[in-house]
Amino acid sequence: MLAIQSVSKRFDNGTLALENISAIIETGEFVALLGPSGCGKSTLLRLIAGLETASNGSITWNEGKQPGPGDIGFVFQDATLLPWATAAENVYLPLRLRGRRKADVAGLIDATLSRVGLQDFIQTRPKALSGGMKMRVSIARALVSDPLVLLMDEPFAALDEFTRHRLQEDLRSLWRQSGKTIVFVTHSIYEATYLASRIIIMSPRPGRIATDIRSSIPEGANRRGSPEYTALVNAITNTLRQAAPE
Amino acid sequence: MKTRIELAAPFVFGAMALGLWQFAVWAMGVPPYVLPGPIAIAAAYAGDYAVLNPALVSTLTVTFTALAAATAIGVALAVAMAASSLFRAAVQPWAVMLQVTPVVAIAPLIIIWVNQPFVALVVCAAIVAFFPILSNTAAGLAAVPSDLLDLFKLNGATRWQTLFLLQLPSALPSFLTGLRISGTLALVGAVVAEFVAGSGGFASGLAYRIIEASYRLEIPRMFAALFLLGISGIVIYAALGLLSAALLRRRDGA
Chain A
887 MLAIQSVSKR FDNGTLALEN ISAIIETGEF VALLGPSGCG KSTLLRLIAG
937 LETASNGSIT WNEGKQPGPG DIGFVFQDAT LLPWATAAEN VYLPLRLRGR
987 RKADVAGLID ATLSRVGLQD FIQTRPKALS GGMKMRVSIA RALVSDPLVL
1037 LMDEPFAALD EFTRHRLQED LRSLWRQSGK TIVFVTHSIY EATYLASRII
1087 IMSPRPGRIA TDIRSSIPEG ANRRGSPEYT ALVNAITNTL RQAAPE
Chain B
17 MKTRIELAAP FVFGAMALGL WQFAVWAMGV PPYVLPGPIA IAAAYAGDYA
67 VLNPALVSTL TVTFTALAAA TAIGVALAVA MAASSLFRAA VQPWAVMLQV
117 TPVVAIAPLI IIWVNQPFVA LVVCAAIVAF FPILSNTAAG LAAVPSDLLD
167 LFKLNGATRW QTLFLLQLPS ALPSFLTGLR ISGTLALVGA VVAEFVAGSG
217 GFASGLAYRI IEASYRLEIP RMFAALFLLG ISGIVIYAAL GLLSAALLRR
267 RDGA
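Listed in order, the protein sequences are those of chains A and B.
Residue numbering for the first sequence follows the numbering used here, starting at 887 and increasing by one per position.
Residue numbering for the second sequence follows the numbering used here, starting at 17 and increasing by one per position.
Read the hints as simulated data drawn from the structure, not as lab findings.
All residues carry an ideal CB built from backbone N, CA and C; glycine is no exception.
Some clues are possibly wrong.
A short, non-exhaustive set of chain A residues, derived as facing chain B with CB atoms under 10 Å [to be verified]:
1. G936
2. L937
3. K951
4. P955
5. D957
6. D964
7. T966
8. L981
9. R982
10. R984
11. T1010
12. A1014
13. A1028
14. S1031
15. L1034
16. D1039
So here's chain A without its partners, still in its complex pose (with noise of 0.2 Å):
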């Protein structure tokens, strides 16, 4: 559904932060971008949306459709909600920029926050809501406008261990039922094994993709307690190594 060709990014200031990559992302894959800091995997992210263009290089869409407002779904690392709304309102938000009446949507922005797990939280604003949950929020407005991709920069960075792993189970539940394409930021090897069907595994300055893996790791409860979870991160450790020397 997204085949990146050979795209580089120079920035003004001259500084090379991607160079030379080509990936082709299925409908319904769930990608972990993965790199140490400064790889260019948010920048890479960014120009799937299209808030940054291409040096060189194309980024094309479903056989050449664009997409359009509400077409793709971004989560940021801070949840950037807006103070003064409640979390209906903020999920209401990309909805309400495209002209829709709030009363035509009522139901499915309850459904949505039912979605994340917050059904109780609908009327709370950002002020009283954890940092889990305003993230919550922040997927559940990414999800409002049913986008083509949902795109998502480190938005499990800022939280402590434990929200982290109960956002992640439930954002890999939430990608199986709805099969949502997804690509997801990380530098964390443990974040993108749990989570990703994909890893990209980025090396730094200028960022290139050093590999490509598909995850074998069978579904289930135990799915961080596996042998296939403890390889795969060894793998994707021993890459890293080769990929990005101190």
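For chain A, the structure is supplied; the task is to place chain B on it using the hints.
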């Protein structure tokens, strides 16, 4: 939240200072035409409130009209500056210049240019007051998190939607900080303008009463007028503080 002692502190401190003042004036035998004590000032107010209170109302009318004008102009300029970097580049240095120009220097001209004395006073006070609103609101509009601007862009927001649904609400705390500073500046501006205008101006504000009292060597009456100004300043500052806290509490929830 302030403790009870903190709430009482300014009153206790003020009472102590007044007591010391009264004692010093009495002990050293300072005549009231040099420095009246608080009791003499209170007596002067009790005798003259029929003149001083309307004068205060007149000055406050100028103050609040100027504050409203300063708010409208300051916010409008800040929005225009946020919308266009060319406009910002063109206007910002001139706004600073207007800010550092002493209003005492230009007030006589404004009083000549503007026929209506009331409008002339409002213009002077608004010139003094508008800059904190402009600079704080502009800073608030510019400080919107870039992620939120990206979010609006991804969802195809128009410039107006971005302004009204994101930038203006985000800038509210900064605007309110500017408004609080401008509130007291508007009072200063109104008084300075009245001073310059003198009897040729509106001839009814507190500044005019202060000048009049000093000409007649009615020093306690002059101090009574000064006290009214000082208390008005405190009340305006505190009221705008309460307004700001209430608005932000309403905006962000308890």
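Comparing the hints with the structure gives:
Nearest Cβ of chain B to the Cβ of G936(A): about 8 Å, under the 10 Å cut. The hint holds. At its closest, the beta carbon of L937(A) sits 5 Å from a beta carbon of chain B; the interface hint therefore holds under the 10 Å criterion. Contact between K951(A) and chain B, as hinted, is not supported at the beta carbon level, the nearest pair being about 16 Å apart and thus beyond 10 Å. Interface hint status for P955(A): upheld, as the beta-carbon distance to the closest one in chain B is roughly 3 Å, under 10 Å.
A hinted interface residue such as D957(A) counts as satisfied when its beta carbon comes closer than 10 Å to some beta carbon of chain B; here the least separation is about 9 Å, so the hint holds. The restraint placing D964(A) at the interface with chain B holds, with a minimum CB-CB distance near 6 Å, inside the 10 Å limit. A cut of 10 Å between beta carbons decides the hint on T966(A): the least distance to chain B is about 4 Å, and the hint holds. Checking L981(A) against chain B: minimum C-beta separation of about 9 Å stays under 10 Å; hint holds.
The interface hint given for R982(A) holds, since its Cβ lies 7 Å from the closest Cβ of chain B, which is under the 10 Å cut-off. Here the hint on R984(A) is kept, as its CB sits about 6 Å from the closest CB of chain B, short of 10 Å. Hint status for T1010(A): holds, given a least beta-carbon distance of 8 Å to chain B, under 10 Å. Hint status for A1014(A): holds, given a least beta-carbon distance of 6 Å to chain B, under 10 Å.
For the restraint placing A1028(A) at the interface with chain B, the shortest Cβ-Cβ distance is roughly 9 Å, inside the 10 Å limit, so the hint holds. The interface hint given for S1031(A) is met, as the beta carbon of that residue sits about 7 Å from the closest beta carbon of chain B, less than 10 Å. Hint status for L1034(A): violated, given a least beta-carbon distance of 12 Å to chain B, over 10 Å. Restraint check, D1039(A) versus chain B: the minimum CB separation of about 9 Å is within 10 Å; hint holds.
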